[in-house]
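Asker: Given the coordinates of chain A, assemble chain B onto it according to the supplied hints.
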Amino acid sequence: MSLPPFEHVVLDHSRVVLRVCRALLPPDDAQDAAAEAFLSALRAYPRLRPDSDVRAWLVTIAHRKALDVLRSRARAAVPVAEVPDRGTGPHDPLPDTDLWDVVRALPEKQREAVAFRYLADLPYAEVATLMGTSEAAARRNAADAVKTLRRRYRVPAEPRAIGGPATQREGR
Amino acid sequence: MMTERDDAMETPFRRTVAGARGEQDDAELDALDRLRAAIARRAEEEDLLDVAYRDLDSPLGRLLLAATPVGLVRVAFPVEDPDAVLETLAGQVSPRVLYAPARLDRVARELEEYFVGRRHAFDVPVDLQLAHGFRRAVLERLVEVPYAGTVSYGELAARVGNPRAVRAVGTACALNPVPLVVPCHRVVRSDGTPGAYRGGPDAKRRLLALEAAR
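Read top to bottom, the protein sequences are chains A and B.
Per the numbering used here, numbering of the first sequence is gapless, rising by one per residue and ending at 172.
Per the numbering used here, numbering of the second sequence is gapless, rising by one per residue and ending at 214.
Isolated chain B, as found in the complex:
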């Protein structure tokens, strides 16, 4: 229970409850936390939890993870506004979005293992519904690029069967809804320099260094 309360103070996703803390007694805050947890738990039991999300501290900063009943649907970096990410999920997937960490326990654990170099492949279901057509095809080939390997934008375009679609491959990577797990950080420029990244170029360099150091 204590850790949940501490979590409540730390997490920006709980800003409204935390922000009102000063004008509430602790008993009411406890009751509100229990209510929130009960809503998330019952929503999952009654198949009403279309999008579950949680946050995860990482060497790249605080990540936002979101999953549908199908699988991981979104990984967002600190450079993205979490509220905007959640609003987009509400609009594009379903407005039934709740803070419900339980569904994301496994992917959170695997990411933690990845960041300390103990995991080289992810074993969680992924829901690519936010990527369509060519973008989705790119992501589906991208999961074949192994840990510590890299591929150029041009090579990846060729693998998808359209060698001239280099820019479109770049766009597909830039808009990858599930970075890290679908490893768009392994797509680099043909001269070997890292290139752009949704989480920022520095994050991409750090991920490539992490994987090269195994």
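So that you can see chain A by itself, here it is in the shape it has in the complex:
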């Protein structure tokens, strides 16, 4: 079994990688981080074992790139500071707020849990490894995040889920 052409990796996984980056970073930085992640992956690709979980591998690299960007620009708090709590009560939706902003406004651990579990659709075991935490903690973070998202974001009349799994699974 040999590795597929890298173009097929890009086609199959660019959406997930870009969405994970967008959950962790502002839009322009997300685009750059996603490109950086794919370049790093391309560099290492010939040595990848053909039976590897390519999506988990790419998400791991994307996460690392996102952390690099956040560290180098030292502005992890910026997107968080701008968005939530502008006089809305806990049950008021924010229909005019982009869902991405609400996701980025989550506390770091919750944001990562959402990105890895719901945007990248990885199992909790993988999510926990990526977050450097226990599986139970990863589940808790994801559940807390979904609670917060429900409170702060109401899906518009025209459904526009950012990730298929997220909307279907948050009821659990």
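Everything labelled a hint here was simulated from the structure, so no lab data went into it.
Wrong hints could be hidden among the right ones.
Interface residues of chain A toward chain B, partial, derived using beta-carbon atoms under 8 Å [what the hints assert, rightly or not]:
no.	residue
1	Phe6
2	Glu7
3	Leu18
4	Pro46
Have a look at the derived ranges for each label pair, beta carbon to beta carbon [stated by the list, open to error]:
no.	chain 1	residue 1	chain 2	residue 2	range
5	B	Glu46	A	Pro50	21 to 29 Å
6	B	Arg106	A	Ala44	24 to 32 Å
7	A	Ala143	B	Arg62	43 to 51 Å
8	B	Ala84	A	Ala44	20 to 28 Å
9	B	Leu175	A	Leu48	24 to 32 Å
10	A	Ser2	B	Ala174	17 to 25 Å
Output of the computed footprint for chain A on chain B, the stretches with three or more beta carbons under 8 Å from beta carbons of chain A [as the list claims (entries may be wrong)]:
no.	stretch
11	33–43
12	90–96
Each residue gets a CB set at the ideal place from its N, CA and C atoms; glycine is no exception.
Answerer: Relative to the frame of chain A, chain B by itself:
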């Protein structure tokens, strides 16, 4: 930008992005197209683009063109499954294969000129790494057959120095990785009929007619 998007809709090589179009908003699709272009551009800049490919519409249908940093390594006809061609390239050359039209602009332009009869010789570097030994020797002699000329399988075998290897010459032509540019369509049967061709016998007849009509 518009043409790139139109291209994205047309091209089977972008099937996954296009196929998911219905469930994505345009902004995300634009972002994905930009990301894809950025990856290809940076891969070329950082010497990570081992195989670049693109497609090209031609009178013979949609061709797939692929090049290494050395030169043109593969020309595939519509009768070949593009995914299978790319997978073979990934296995035999390098898995670092990306849709990156820029590297193939020149050969695409020359092929377009060829198909309208304005070009009689190709001036692009060719990478024959997919052909070995005798097959490669055949292809190296084949480039000497001029536009509108023909040679029989037996004559070509003699030119390579092995007049009895007629069948092996046929195999070398049938497996030519860079048809059109290395003109295996100019190799015909000794009775003058066209014979077999990787792009199909009809494609071979059309190419011979095109060249005879100059």
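Asker: Now tell me, hint by hint, if it's right for this structure.
Answerer: Status of the hints after comparison with the structure:
The beta carbon of phenylalanine 6 of chain A is positioned within 8 Å of a beta carbon in chain B (closest approach about 5 Å), and the interface hint is therefore held. The beta carbon of glutamate 7 of chain A comes within 5 Å of a beta carbon in chain B, closer than 8 Å, and the hint placing it at the interface holds. At about 6 Å, the closest approach between the beta carbon of leucine 18 of chain A and any beta carbon in chain B falls short of 8 Å, and the interface hint on this residue holds. With a least beta-carbon distance of about 6 Å to chain B, the hint placing proline 46 of chain A at the interface is held under the 8 Å criterion.
Separation of glutamate 46 of chain B from proline 50 of chain A is about 24 Å and conforms to the stated range, judged on CB atoms against 21 to 29 Å. Remark: the range hint 24 to 32 Å for arginine 106 of chain B to alanine 44 of chain A is upheld by a beta-carbon distance near 31 Å. Hint check: alanine 143 of chain A to arginine 62 of chain B, Cβ distance near 50 Å, so the stated range 43 to 51 Å holds. The beta-carbon spacing between alanine 84 of chain B and alanine 44 of chain A, approximately 25 Å, falls within the hinted interval of 20 to 28 Å.
For leucine 175 of chain B paired with leucine 48 of chain A, a C-beta distance near 30 Å keeps the hint of 24 to 32 Å intact. Range check, serine 2 of chain A to alanine 174 of chain B: Cβ separation about 24 Å, and the 17 to 25 Å hint holds. With 7 residues carrying a beta carbon less than 8 Å from a beta carbon of chain A, the stretch 33–43 of chain B meets the three-residue requirement, and the given coverage holds. Look at the stretch 90–96 of chain B against chain A: 5 of its residues bring a Cβ nearer than 8 Å to a Cβ of that chain, three or more, so the hint holds.
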